[in-house]
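**Student:** With chain A's structure known, arrange chain B on it following the hints.
Protein chains: 2
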Amino acid sequence: MKLRTVVLALAAAVASLAWNAAFAAEPIQPIAGPVIKSQAMVELGKKLYFDPRLSKSGFISCNSCHNLSMGGTDNLATSIGDRWQQGPINAPTVLNSSLNVAQFWDGRAADLKAQAGGPIANPGEMAFTHELAVDLLNSIPAYKAEFKRVFGTDGSVNIGMVTDAIAAFEETLVTPGSRFDKWLLGDKHALSATEQEGYKLFKDSGCTACHYGPAVGGSSFQKMGVVAAYDTPNKAQGVAGLTGKDADRMMFKVPTLRNVDMTYPYFHDGSVWTLEEAVDIMGKLQLGRTYSKDEIAKIVAFLKTLTGKQPDFKLPVLPPSTNDTPKPKPFG
Amino acid sequence: MKLRTVVLALAAAVASLAWNAAFAAEPIQPIAGPVIKSQAMVELGKKLYFDPRLSKSGFISCNSCHNLSMGGTDNLATSIGDRWQQGPINAPTVLNSSLNVAQFWDGRAADLKAQAGGPIANPGEMAFTHELAVDLLNSIPAYKAEFKRVFGTDGSVNIGMVTDAIAAFEETLVTPGSRFDKWLLGDKHALSATEQEGYKLFKDSGCTACHYGPAVGGSSFQKMGVVAAYDTPNKAQGVAGLTGKDADRMMFKVPTLRNVDMTYPYFHDGSVWTLEEAVDIMGKLQLGRTYSKDEIAKIVAFLKTLTGKQPDFKLPVLPPSTNDTPKPKPFG
Chain A
4 MKLRTVVLAL AAAVASLAWN AAFAAEPIQP IAGPVIKSQA MVELGKKLYF
54 DPRLSKSGFI SCNSCHNLSM GGTDNLATSI GDRWQQGPIN APTVLNSSLN
104 VAQFWDGRAA DLKAQAGGPI ANPGEMAFTH ELAVDLLNSI PAYKAEFKRV
154 FGTDGSVNIG MVTDAIAAFE ETLVTPGSRF DKWLLGDKHA LSATEQEGYK
204 LFKDSGCTAC HYGPAVGGSS FQKMGVVAAY DTPNKAQGVA GLTGKDADRM
254 MFKVPTLRNV DMTYPYFHDG SVWTLEEAVD IMGKLQLGRT YSKDEIAKIV
304 AFLKTLTGKQ PDFKLPVLPP STNDTPKPKP FG
Chain B
4 MKLRTVVLAL AAAVASLAWN AAFAAEPIQP IAGPVIKSQA MVELGKKLYF
54 DPRLSKSGFI SCNSCHNLSM GGTDNLATSI GDRWQQGPIN APTVLNSSLN
104 VAQFWDGRAA DLKAQAGGPI ANPGEMAFTH ELAVDLLNSI PAYKAEFKRV
154 FGTDGSVNIG MVTDAIAAFE ETLVTPGSRF DKWLLGDKHA LSATEQEGYK
204 LFKDSGCTAC HYGPAVGGSS FQKMGVVAAY DTPNKAQGVA GLTGKDADRM
254 MFKVPTLRNV DMTYPYFHDG SVWTLEEAVD IMGKLQLGRT YSKDEIAKIV
304 AFLKTLTGKQ PDFKLPVLPP STNDTPKPKP FG
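Sequences listed follow chains A and B, in order.
Counted from 1, the first sequence has number 52 at position 49 by the working numbering; the numbering is strictly sequential.
Counted from 1, the second sequence has number 127 at position 124 by the working numbering; the numbering is strictly sequential.
The shape of chain A in the complex, shown without the other chains (with noise of 0.2 Å):
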């Protein structure tokens, strides 16, 4: 790592920490702008999330399903892969995510590089491999001499760089500016009296255990259903289809409720359409409390308040493919 690199990132640390000390009294922070270290590296990520060609079939790309008009995700219960094969579990926003734990409802992966080559090689998302998205990179010039400006190498382009690339981009797409961080910010009019009691009423009746932090959510992995089970015909077992572990059946990370009136379907199975209905099921599984529906009414109300800011930037033009490019395949 280059010096101004380190320096940079502890820069960031200090201010971070900083930042998360002037809100200590309450569960939840606001939401810092991003920190960029090369808006180079972010643009040429912009592009690879918006690429299909990563994908076996030529049409699927990470935006496909992290879409960035629709809070970061596809707004489905389960997302659709290649040859509209469905996937095993929600499609999680990408919004906010550079402030997860770790990256997928399991953790799997410890961080947004880890998680980028995933869904790329996974035969019922993407479908491709890394060495067939590295060989079409590479097949592209204008995509290589970009490459080569980024990460100043000479040769060819890596799995490696494509990661880091998709990741730097990722890393820009936080969220602040919302109701809730501006009323946290000072801003005393920010939220209504009915938004102000469901924010207290969510921290009261103990939400904050595990949504807290700036992402409200994404610190720290949790049973679903910790007073009665979650009935779901999902197969999903959560971290314990990692480690094999009985104790760790069911085990989620918790997900950011930051965005969250845009982020419907809700749960790991995307099965509940409705916040009201979220509040309802959280309430009785997680906490053993039955709300009032004038207490789901505030707490949505609170809930609703957290949408900042969403992406804002151009729509990446794609370097066209060559000759030499290899072919999509979407039916062969």
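No wet-lab data here; the hints were simulated from the structure.
A hint or two may mislead.
All copies of an identical chain are treated as equivalent in the list; a pair is satisfied when it fits inside any one copy or across any two copies.
To be verified - Derived DSSO-like pairs: lysine-lysine, alpha-carbon spacing no greater than 30 Å straight-line:
#1 Lys147 - Lys185
#2 Lys296 - Lys226
#3 Lys317 - Lys307
#4 Lys332 - Lys307
#5 Lys116 - Lys203
#6 Lys330 - Lys307
#7 Lys203 - Lys317
#8 Lys116 - Lys317
#9 Lys307 - Lys185
#10 Lys330 - Lys296
#11 Lys296 - Lys147
#12 Lys332 - Lys206
#13 Lys116 - Lys312
#14 Lys238 - Lys330
#15 Lys307 - Lys147
#16 Lys191 - Lys296
#17 Lys147 - Lys312
#18 Lys287 - Lys151
#19 Lys330 - Lys151
#20 Lys332 - Lys287
#21 Lys317 - Lys147
#22 Lys330 - Lys40
#23 Lys312 - Lys330
#24 Lys287 - Lys203
#25 Lys330 - Lys287
#26 Lys206 - Lys287
#27 Lys147 - Lys203
#28 Lys185 - Lys50
#29 Lys151 - Lys307
#30 Lys151 - Lys312
**Tutor:** Relative to chain A, chain B alone:
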């Protein structure tokens, strides 16, 4: 039509005539910038263009097959529709489609407004219905309010407004500023000697009999296979599919060659992936001429100068669904 709209349309027509007259000596004219009648309608149309909720699955939008990151096409031989159905014909580019004499390969839609409703209700494409699309939009207050602002009506959204708005957005998708246009407009250094030779050959050998006008095509219908039959397993019969007349067999709208370097693969069946092969086949089948390798290289060099300014706008953020919004049906 309001008087102001009529005056604007007349002014645009006069400007367009004057513009074309200035370049009457050449078979190809520069592309003029878009005439925007209502920026508010364009912004609404942009949202609709990117909204996959106008499909049964909630996964396919106009931009899925007419991808504005990729020359307004999907760069597939034939498109992927609902449940991964294989489309019957190559998706033509939406770029400069407002310059087409009619829409679709067989010209079955008179204009962009008539076209826009087609894929939404096509069971092999977005697989929705106009009624369901309208119901969906009416369930989202933010959309309803935007339609009201744009159309000045008090009632509900109707399909005519939807296709008006999509067409208004598509009318902005022209691509002026190509190197070829700079050359036409007097910058004699904008093209290399080879590119100019390619253009001369393109004119002298008869390509401009069909590929003429600002869009370098799109102005007429022509038989695919004039001198010799075009050999393809594709079943499309062109205009004959509408009229049933033998004389209309294999009559297709001449495609635009603007941005042709980005709109591969070529022909109505999308069977040809390189410009070299496309030029070779066109020479043989349409003109009865076998171009030399050197001639093909020159024409291809010219064709690559037709890439103009690509769409340049921010990715739209879509208003979220509500508790009353009908759910997508990707698998059910």
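**Student:** Looking back at the numbered hints, which does the structure fail to meet, lowest number first?
**Tutor:** Violated: hints 5, 7, 12, 18, 22, 27.
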